[in-house]
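What follows is each chain in one-letter form.
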Amino acid sequence: MQRNLNHPTIVTIEKVIDETPTVRTLVFSDDVMPTVLPGQFAMVWIPGVNELPMSVMISKESGKAAFTVRKHGPSSTGLFNVPVGGQIGIRGPYGNSFDVKEGKLLLVGGGTGLVPMMRLLSFVKPTDDVTVLMGAKSKDEVFFEDLSNELLKNNPHQVIVSTDDGSYGEKGFVTDLVEKLVSETHFDAVYVCGPEIMMYKTVQAAHAKQIFVQASLERMMKCGVGICGSCCVGEDLACRDGTVFDGGHLSKNKEFGHFHRNKAGILENY
Amino acid sequence: MKPSIATSIGQIQLDKPVMLASGILGISLDVFNRLYASGAGAVVTKSLSTVSWEGYPNPTIFSVKGGGWINAVGLSNPGASNFAKMIEPNQDVPIIVSLVGSVPEDFEMMIKEFKNCKVKAYELNLSCPHVAKVGLEVGDDPGLVKAIVSTVKNATDVPAIAKVGLGTSNYLNTVSTAIDCGIDAITAINTVRAMAIDVETQRPILSNKFGGLSGTPIKPIALRCVYEISSKYDIPIIGCGGISTWEDAIEFFLAGASGVQLGSAIGDNWVGVFDDINKGILDYMKRKNYSTIKEMVGLAKKS
Ligand SMILES: Cc1cc2nc3c(=O)[nH]c(=O)nc-3n(C[C@H](O)[C@H](O)[C@H](O)COP(=O)(O)OP(=O)(O)OC[C@H]3O[C@@H](n4cnc5c(N)ncnc54)[C@H](O)[C@@H]3O)c2cc1C
Ligand SMILES: Cc1cc2nc3c(=O)[nH]c(=O)nc-3n(C[C@H](O)[C@H](O)[C@H](O)COP(=O)(O)O)c2cc1C
Ligand code: FES
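Protein chains in written order, with my numbering: chain R, 1 to 270; chain S, 1 to 303.
Do not take every clue at face value.
Unchecked claim - Coverage of chain S stretches by chain R, computed from C-beta distances (three or more under 8 Å per stretch; other residues unrestricted):
(1) 40 to 46
(2) 73 to 81
(3) 151 to 161
(4) 215 to 225
(5) 263 to 269
(6) 280 to 287
As the list claims (entries may be wrong) - Incomplete in silico selection of chain S near chain R, CB under 8 Å:
(7) Ile87
(8) Leu172
(9) Leu299
To be verified - Straight-line alpha carbon distances no greater than 16 Å define the calculated EDC-like cross-link-like pairs of lysine to aspartate or glutamate that follow:
(10) S:Lys85 / R:Glu268
(11) R:Lys64 / R:Asp30
(12) S:Lys118 / S:Glu54
(13) R:Lys104 / R:Glu170
(14) R:Lys71 / R:Glu170
(15) S:Lys209 / S:Asp198
(16) R:Lys252 / S:Asp198
(17) S:Lys153 / S:Asp198
(18) R:Lys254 / S:Glu108
(19) R:Lys263 / S:Glu54
(20) S:Lys146 / S:Asp198
(21) R:Lys137 / R:Glu184
Note that these hints are calculated values from the structure, not bench results.
Ideal Cβ placement from N, Cα and C applies to all residues, glycine included.
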């Protein structure tokens, strides 16, 4: 029978890469996940623990994909602790993807929001001039800096790191840098994924300058296919209409940047 | 005369016969507006309880290899009072409020919460197959069904619908008890208790182990139930279970339903499914020379 993408397929973890003390990349072989579009995600079942939405990370080896997870609550810690040889279930890919534009591109990622940005980097053309802006709390939490430089080795590019405490790279919030960059330089497109406040400010800054901007939203997800309703943002369903939305669309959404819903579906302030 | 797809399910008048089933996409008024604009005749809310429920941990939904879905979301919902506040501003969308509880007082209390809302009907969930003390456990207890339906009928003039499913007792007894207590219509059916086990990890996939099967695999069962109810009782029926095309909808009309609901088809075909089905029904009516849905209801029982 043909693979049912909405049914968990079991894969075995082949390699675990420690990115920071709290972030790991788990590599596995699969027929489907290595070829997904930038921004797409999977529902990842950690048997006995939970099932979580995870952006699909690239792997340097062909036929392999990965998840990069930060240990946070019990579920993500469960995934973080899956050893080499451990099995997880994956369904998807779900969601739409970033529109890959050409020219001068700005990619902004915070924390594990960098994952879809890495896949996006694997889609840029050698002629694109790419700036990657990564935000982290402190030096310990910086990851994918080397990977970004490597993926962009044939492009005109710069990778800028900012840390909240100034322990590495530029000091301050990544959004301050975004505002500075978009006011000084012309960009053809801006892409952002990370904490929602960061995306909100980035979208506002780029949209105000009439620069094409897209953000990938995170919401509570249960089904991933547009049935359960838990991921709604205004009239949009993050899993099915997104997760990638245009800045113009987002600037009209009453909930983006202001509210999200808890597990019972109650609207809460950010 | 130009055919019309408007329909009446007893006192409930709808411009279009295909509704959103309970539990699907149901927590935001903005989403309801969108579904109404996409051609849904009405939207049924998630089943609401007296207090908010988080539901079960994931995995809560996945699709079966051969088609259809199994879910045990665990009736996660923001609670009747939070929900009522959200839909208060609504004027345009026909909203059917689904309620779930374990004693008559739960239903009475929740109906009070909706006093400032425009509610087209209440649907009483007597059939959720995967949450203890509510749903099927209520539907399987004739004394409780009697008490709940009577209480609801006394508490409001808004029409009340009983949603039934396949539990441990004969669902036709639930139907007949509800009719005796003055229920205005029946929705048939809810999901069917089911499970799936992953052979690699040798575990049930759902965190709750058991869930409810929905989608195309249950359509023949739901159709049989609608035919059975309409053959035995004179009560307006809403068909639900595995409907995803206009042919499915027509089959349910022919079996005796005056309206239909769908849920899983949204996972398979997204929100355009409402307009597709509406168009298909209209074309069929033109081709067969019907001017109202009513003319088709129960036709398969001729012979
Ligand atoms: C599209 C998408 C892509 C993501 N990609 C990544 C990624 O690449 N790497 C990464 O580390 N994290 C990613 N996340 C976040 C991740 O899914 C978890 O939300 C996060 O790891 C927090 O988990 P926890 O351990 O705190 O959950 P717990 O506190 O243990 O909570 C468990 C329950 O909450 C649910 N839950 C909690 N927060 C969320 C949330 N934001 N979205 C959905 N369900 C939630 C889980 O489904 C689960 O049922 C992504 C989220 C989304 C929506
Ligand atoms: C994810 C999900 C959640 C559901 N939640 C509810 C609910 O809260 N109340 C209810 O009466 N039925 C609920 N149902 C059952 C549906 O309303 C419907 O009866 C069933 O899915 C069969 O229709 P379908 O095959 O068109 O999906 C749910 C179904 C699904 C798939
Ligand atoms: S996760 Fe269920 S609708 Fe989006």
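Inset, instruction - Run the structure past the numbered hints and jot down the numbers of the failing ones, going up. - result: 1, 3, 4, 6, 7, 8, 9, 12, 13, 14, 16, 17, 18, 20, 21
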